[in-house]
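Using the sequences provided together with the hints, build the complete structure.
Protein chains: 2
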Amino acid sequence: MLNFTYYTPTKVVFGKDTVSKVGELTKAAKATKVLLHYGSERVKKTGLLGEIEKQLDAEGIGYVELGGVVPNPRLSKVYEGIDLCRKEGVDFLLAVGGGSVIDSIKAIGYALADEEQGDVWDFYNYDRTPKACMPIGVVLTIAATGSEMSNSSVITKEEGGVKRGCNTDYARPVWAVMDPTLTMTLPEYQTSCGATDICMHTLERYFSLPGSMEITDSIAEALLRTVMKQAKILMKEPDNYEARAEIMWAGSLSHNGLTGCGSDGGDWACHRLDHELGGLYDVAHGAGLAAIWGTWARYVFDAKPERFAQLATNVLGVTPKETVEATALAGIEAMEQFFRDIKMPVNLRELGVNPTDEEYKLLAEKCFKTTGPLGSMKKLMTEDMEKIYRAAL
Amino acid sequence: MLNFTYYTPTKVVFGKDTVSKVGELTKAAKATKVLLHYGSERVKKTGLLGEIEKQLDAEGIGYVELGGVVPNPRLSKVYEGIDLCRKEGVDFLLAVGGGSVIDSIKAIGYALADEEQGDVWDFYNYDRTPKACMPIGVVLTIAATGSEMSNSSVITKEEGGVKRGCNTDYARPVWAVMDPTLTMTLPEYQTSCGATDICMHTLERYFSLPGSMEITDSIAEALLRTVMKQAKILMKEPDNYEARAEIMWAGSLSHNGLTGCGSDGGDWACHRLDHELGGLYDVAHGAGLAAIWGTWARYVFDAKPERFAQLATNVLGVTPKETVEATALAGIEAMEQFFRDIKMPVNLRELGVNPTDEEYKLLAEKCFKTTGPLGSMKKLMTEDMEKIYRAAL
Numbered sequence: 001m002l003n004f005t006y007y008t009p010t011k012v013v014f015g016k017d018t019v020s021k022v023g024e025l026t027k028a029a030k031a032t033k034v035l036l037h038y039g040s041e042r043v044k045k046t047g048l049l050g051e052i053e054k055q056l057d058a059e060g061i062g063y064v065e066l067g068g069v070v071p072n073p074r075l076s077k078v079y080e081g082i083d084l085c086r087k088e089g090v091d092f093l094l095a096v097g098g099g100s101v102i103d104s105i106k107a108i109g110y111a112l113a114d115e116e117q118g119d120v121w122d123f124y125n126y127d128r129t130p131k132a133c134m135p136i137g138v139v140l141t142i143a144a145t146g147s148e149m150s151n152s153s154v155i156t157k158e159e160g161g162v163k164r165g166c167n168t169d170y171a172r173p174v175w176a177v178m179d180p181t182l183t184m185t186l187p188e189y190q191t192s193c194g195a196t197d198i199c200m201h202t203l204e205r206y207f208s209l210p211g212s213m214e215i216t217d218s219i220a221e222a223l224l225r226t227v228m229k230q231a232k233i234l235m236k237e238p239d240n241y242e243a244r245a246e247i248m249w250a251g252s253l254s255h256n257g258l259t260g261c262g263s264d265g266g267d268w269a270c271h272r273l274d275h276e277l278g279g280l281y282d283v284a285h286g287a288g289l290a291a292i293w294g295t296w297a298r299y300v301f302d303a304k305p306e307r308f309a310q311l312a313t314n315v316l317g318v319t320p321k322e323t324v325e326a327t328a329l330a331g332i333e334a335m336e337q338f339f340r341d342i343k344m345p346v347n348l349r350e351l352g353v354n355p356t357d358e359e360y361k362l363l364a365e366k367c368f369k370t371t372g373p374l375g376s377m378k379k380l381m382t383e384d385m386e387k388i389y390r391a392a393l
Numbered sequence: 001m002l003n004f005t006y007y008t009p010t011k012v013v014f015g016k017d018t019v020s021k022v023g024e025l026t027k028a029a030k031a032t033k034v035l036l037h038y039g040s041e042r043v044k045k046t047g048l049l050g051e052i053e054k055q056l057d058a059e060g061i062g063y064v065e066l067g068g069v070v071p072n073p074r075l076s077k078v079y080e081g082i083d084l085c086r087k088e089g090v091d092f093l094l095a096v097g098g099g100s101v102i103d104s105i106k107a108i109g110y111a112l113a114d115e116e117q118g119d120v121w122d123f124y125n126y127d128r129t130p131k132a133c134m135p136i137g138v139v140l141t142i143a144a145t146g147s148e149m150s151n152s153s154v155i156t157k158e159e160g161g162v163k164r165g166c167n168t169d170y171a172r173p174v175w176a177v178m179d180p181t182l183t184m185t186l187p188e189y190q191t192s193c194g195a196t197d198i199c200m201h202t203l204e205r206y207f208s209l210p211g212s213m214e215i216t217d218s219i220a221e222a223l224l225r226t227v228m229k230q231a232k233i234l235m236k237e238p239d240n241y242e243a244r245a246e247i248m249w250a251g252s253l254s255h256n257g258l259t260g261c262g263s264d265g266g267d268w269a270c271h272r273l274d275h276e277l278g279g280l281y282d283v284a285h286g287a288g289l290a291a292i293w294g295t296w297a298r299y300v301f302d303a304k305p306e307r308f309a310q311l312a313t314n315v316l317g318v319t320p321k322e323t324v325e326a327t328a329l330a331g332i333e334a335m336e337q338f339f340r341d342i343k344m345p346v347n348l349r350e351l352g353v354n355p356t357d358e359e360y361k362l363l364a365e366k367c368f369k370t371t372g373p374l375g376s377m378k379k380l381m382t383e384d385m386e387k388i389y390r391a392a393l
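These protein sequence lines map, in sequence, to chains A and B. The first sequence stops at residue 393 when you use the numbering used here, and every number in between is there. The second sequence stops at residue 393 when you use the numbering used here, and every number in between is there.
These are computed hints drawn from the structure, not numbers from a lab. Among the hints, a few may not be true.
Chain copies aren't distinguished; within one or between two, either way the pair holds.
Listed next, the in silico DMTMM-like pairs over lysine to aspartate or glutamate satisfying Cα-Cα at most 20 Å (straight line) [what the hints assert, rightly or not]:
#1 Lys229 to Asp217
#2 Lys232 to Glu365
#3 Lys27 to Asp169
As structure tokens, this is what we get:
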């Protein structure tokens, strides 16, 4: 068991009709001018944005809008947001959407709070470290990234297809309004991508070579069991409120730090390997993770087979086999079967990606260049990464 | 599943040698003059207080000391703290101890932030509601009440032996340093009282008539299994670091709100029934809870026997019986057996309390007067409370 810091200051307001609290929460944060940041025009068509604007009007709080955030959110949109907020004197940032919108607004927040007024990409390119972030509120419409409580933000720079993350506690939202009914109309594919991402945030932390803690393991295993069960329910009943709610709350708990207490922070190799796929091919994050996980797992499982066996028996319902290795491998198969059950790809080909020889090398080199040796279970070097990408086809 | 709010802003710094962080954490909170609040002189003898003072000296932060907080912390000590802090211009409160010290400092914090400068007892007597609290840091030395992350504070007014709680988010500590090694020298009785209190904070929330959530249940059950297993380990190995750490972290998670998400907040009848015992007989909180729980459980279990049966099978290892009621009752027995295993009383006599007829009536009347009808599983009236007290002998 290793030492840890746990910090989750975000106030979560969870449940039906909680959007009605946005006005008072924004007021309590002493906002005078708000950026309403969102993705597709869906939030307008459903009336959600109008409802939020009405509440801000009622509280006498001004606002400006900036939509058009896309999955794998772009640096150019971040720059657009920074310019708009500076011009309009924005002092509070409100994300209405899922992880992409929240990640985008976190980048805007870093820039607006940057006393040096330098390039915000510096923070994502590891050239500088943020010292503050403008306060952020969230109205969550997709259960997936956990960005509504996390310290994480991932941005893609179009030039060169570079996808990078920046993690600091400054970027944890002040509050998050989470109404599961807002996620009921999500298409099946996005719902499954979200459930995969949630599982992976817990799995990445679960696979830590040096440390673990019984209570953290139990919570992580409980989260995984719940998400996997409820994700399968949603394949048949997409408007099941209870299932949407279980997954939405699990999404926040999977990435707010709770499932990493006592470990070294986790492995994260799959996330980094997927970032390069996302940067180069613009694939959906959850789908990319599902496509790479099984191959990664088989590549590293012998470093700590008993850990994979624990996952197999405690989460995936695998009956222990003759050897711990066999149990571990049966668990990896069961996890892949879950991905198939929710129509996620389990290899690159199913993901719609078939890299050239050059691209395999490029993916691995970019990945190593960004992070150096990767992972906790095994330290992956460039050649390991290339092998995993190739084996994942 | 009901709507909920989740808010746990406390920054937890957990693990070995984390006391070395106290100076920088206090500095980061912009403290200039600190109250060091503690209980027995043990914190001086062990060198803990000296270590903290050294760090404050190094950061150029002033401090004053006030020790002598006792279990069931007294209002008179709170008044003493308020006077001292006002005189000394204290702007940050640092509790070095367990739940009693933290609860006492929260009361001091309410008073110091009270613009009306009224009597702080008003807040505990439900006459006024706090609107702020002075920032609080914690160095935890006992794993039990969870006060280091909770919104809760319980104070006893000596006159009339009245024990009352005041719960607001203002009182959640800014940070908590949690080094499990500090709890290794705790006597067995206090360790077991702490483990009982931790179990009860989860059980009180678990028993909610209207609502529950699968993910919350799973987390609650995981917490209970861990605490019960580790508490028994500590009976044989009081200096087992891993066991101390599991219990310490479970203590915070059991009372920070995590195990209540999606329910109506829980039952809390046992806590209120014990508050009256604490106020009148000054018994240890954990022991009082253990002495009353089984009787309470048998009194209310038929309101939702399947809930007690779920506890029995998922936490206590009970094999399902022919009827859900039989499984429920076997679970209650198993829980009492756990209390016996860690040398806790399971009735008032074992607690060392044998009320007179007058006192039974007084306990029930005081309890009802404070809270009105009590509990979520069943609404207990004065006569129900008296019956439970009598049956608990």
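Structure-based check of each hint:
no., hint, verdict
1, Lys229 to Asp217, "both (18 Å within a copy, 15 Å between copies)"
2, Lys232 to Glu365, "neither (37 Å within a copy, 51 Å between copies)"
3, Lys27 to Asp169, "between (23 Å within a copy, 18 Å between copies)"
Consistency note: the structure conflicts with earlier hint 2 alone.
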